[in-house]
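Here's the letter readout for the chains.
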Amino acid sequence: MSGVLIVAEQRRGELRPQSVELITAAQGVRREGDPVSIAIIGAAPDAFIPSLSLAGVDEIVAIKVAAVEFDPETVEGAVAALIAQRKPSVVLIPHSVDSFGYAAALAAKLGLGFATDVFRAQRIDGELVATRGGYGQKVAVEVDFPGRSTVLLAVRGNAFKAPEQTAAPRITAFEAPATASRSQAREFIELPAGDDVDMTGAEFILTIGRGIGEEAKVGQFRELADAIGATLGCSRPIADAGWLPKSRQVGQSGKTASACKLYIAMGVSGAIQHLAGMKHVSTIVAVNSDANASIFGVAKYGIVGDIFEVANELRRLF
Amino acid sequence: MKILVAVKQVAALDEDFEFRDDGRDVDPDFFIRDLNEWDDFSLEEAVKIKEASSTPVDVVAVSVGPDDVDEVLRKCLAKGADRAVRVWDDAIEGSDPIAIARVLAAVAKHEAPGMVFAGVQSSDQSFASTGIATAAFLDWPHAAVVSALNYAPGAKTAVFRRELEGGLLHEVEIQCPAVLTIQLGINTPRYASLRSIKQAAAKPIEVLSLTDLSLSAADVGEAGSASRVRRMYMPDKGRAELIEGDAAAQAERLAAIIREFKGDSA
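Residue numbers (the numbering used here), protein chains in the order written: chain Z, 1 to 318; chain E, 319 to 584.
These are calculated hints, taken from the structure and not from any lab test.
Since this is a predicted model, take the numbers as computed values, not measurements.
Ideal Cβ placement from N, Cα and C applies to all residues, glycine included.
Only some residues are given here: those of chain Z computed to face chain E with a beta carbon under 8 Å: (1) 133; (2) 143; (3) 146; (4) 187; (5) 301; (6) 303; (7) 309; (8) 317.
Per the computed footprint, the stretches of chain Z lying under chain E, defined by three or more beta-carbons under 8 Å from a beta-carbon of chain E, are: (9) 68-77; (10) 103-109; (11) 115-126; (12) 257-270.
One chain only, chain Z, in its complex shape (with noise of 0.2 Å):
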């Protein structure tokens, strides 16, 4: 059992961004000598070489598979069987909506070791050790593996930095066998940009989250992001709830924010989702009163205090 195996992830013709990331999280799960490897399914999976083509991966492996776009089943089959083939011992893949779909499913079939939203991965006197988040990520976790000759970790996004140099690693073709899948993807559909906003263009955003108690509190925060010019936001439990149209959601899995650069939550606790979506603002303000509230983990500046104090405060001064 030797060698990491790292599973990419593609959309639509595109490379999820998370896919390269796993390059730099191998580094520190391989022992010496082993091979990187990296294996991209598609029906045209070739299209993704130059972008796989990075320092840190010896090896493309390309899976030509019938279906287009992501299916649990097929993606479960081709790389069941590349781990019978290569044996890896340590599998990588992106957490992520459709890793959701197959890789619990994967590691209960094959008896692999397994962990989920991994955000540190690590060589400890030879023993793979894996960190996650625990209880709405109040605490560390460490988990090992004994016993497993194979581990499959999923590993959560913006957790490492993709490698930026360029390199020429061996390409193989690898025949997976065919799968007769019981689920057939259809169609993609966007979710409506919103008449009155683009979340992905601003770059000033004012998001309010559970914190603030009741749907008649929208109103004054609305109030306030216009005073202080800024694109009124929301976490995903108020537009569940119906209190903003879901066009203004952000995180992980509403708009992509991606102008962003400076972002006030206010009474947004940080679920993971929600971080993940956020990650990249230069100039992240949480207004909480929890001071344990996760979103402190990734805010440059954190007010500990009653977010309706503070934005009364705040109105006064525009």
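Given the coordinates of chain Z, work out where chain E should sit on it, guided by the hints.
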């Protein structure tokens, strides 16, 4: 026809919590327990399907845990589940999602439902694994992060939308029976009425042992798990610079940050 809904009693932590003496978990005295938020949505989805169905549907809530888990199962009964099943044996202590999935799959074989729902993930340990691993042990079709579902009880297929990253949805058709993990926001979970809470208190909770499910101690606990906790510890506090003072002073500093940004971007 049955819909099996797997639910979990999750633990949030008290503000000032302490670790257990062995350092491998938090002292359970500091747990605030409740029904996992995602499971509230998957239960509601099952109850909605039952209510819309012209043929009889039984919604069966199942959880793996000791007797204090009855509390969340009663909540499920009050919100519309017809039956509640709890599986426990001391050997299950320390199980990871893979071991729990093995137990849930055994319950599913026992109940033979037309569909199994689970939450996408739990709010405490957030593995996002139990439902999909259950599908693997059953060898059933499966899909994760379902945010819209069109399914008629007894139908051979269902159509759903997966909620992807960045505001994108993916429509998929799947063969049934299947295991689906349900995303927040797929519906609006109901509140239990006082009357239904009272009725739920009188309903039985069926308790099964490992033997009832033809499982052994080796299938669960550390032996049946794919990972083992070495230790838990307080994470790095992060890099946030705390803005001190009363609300007025804090707001003044925040206003300065906003003005500086506007000056920069103007």
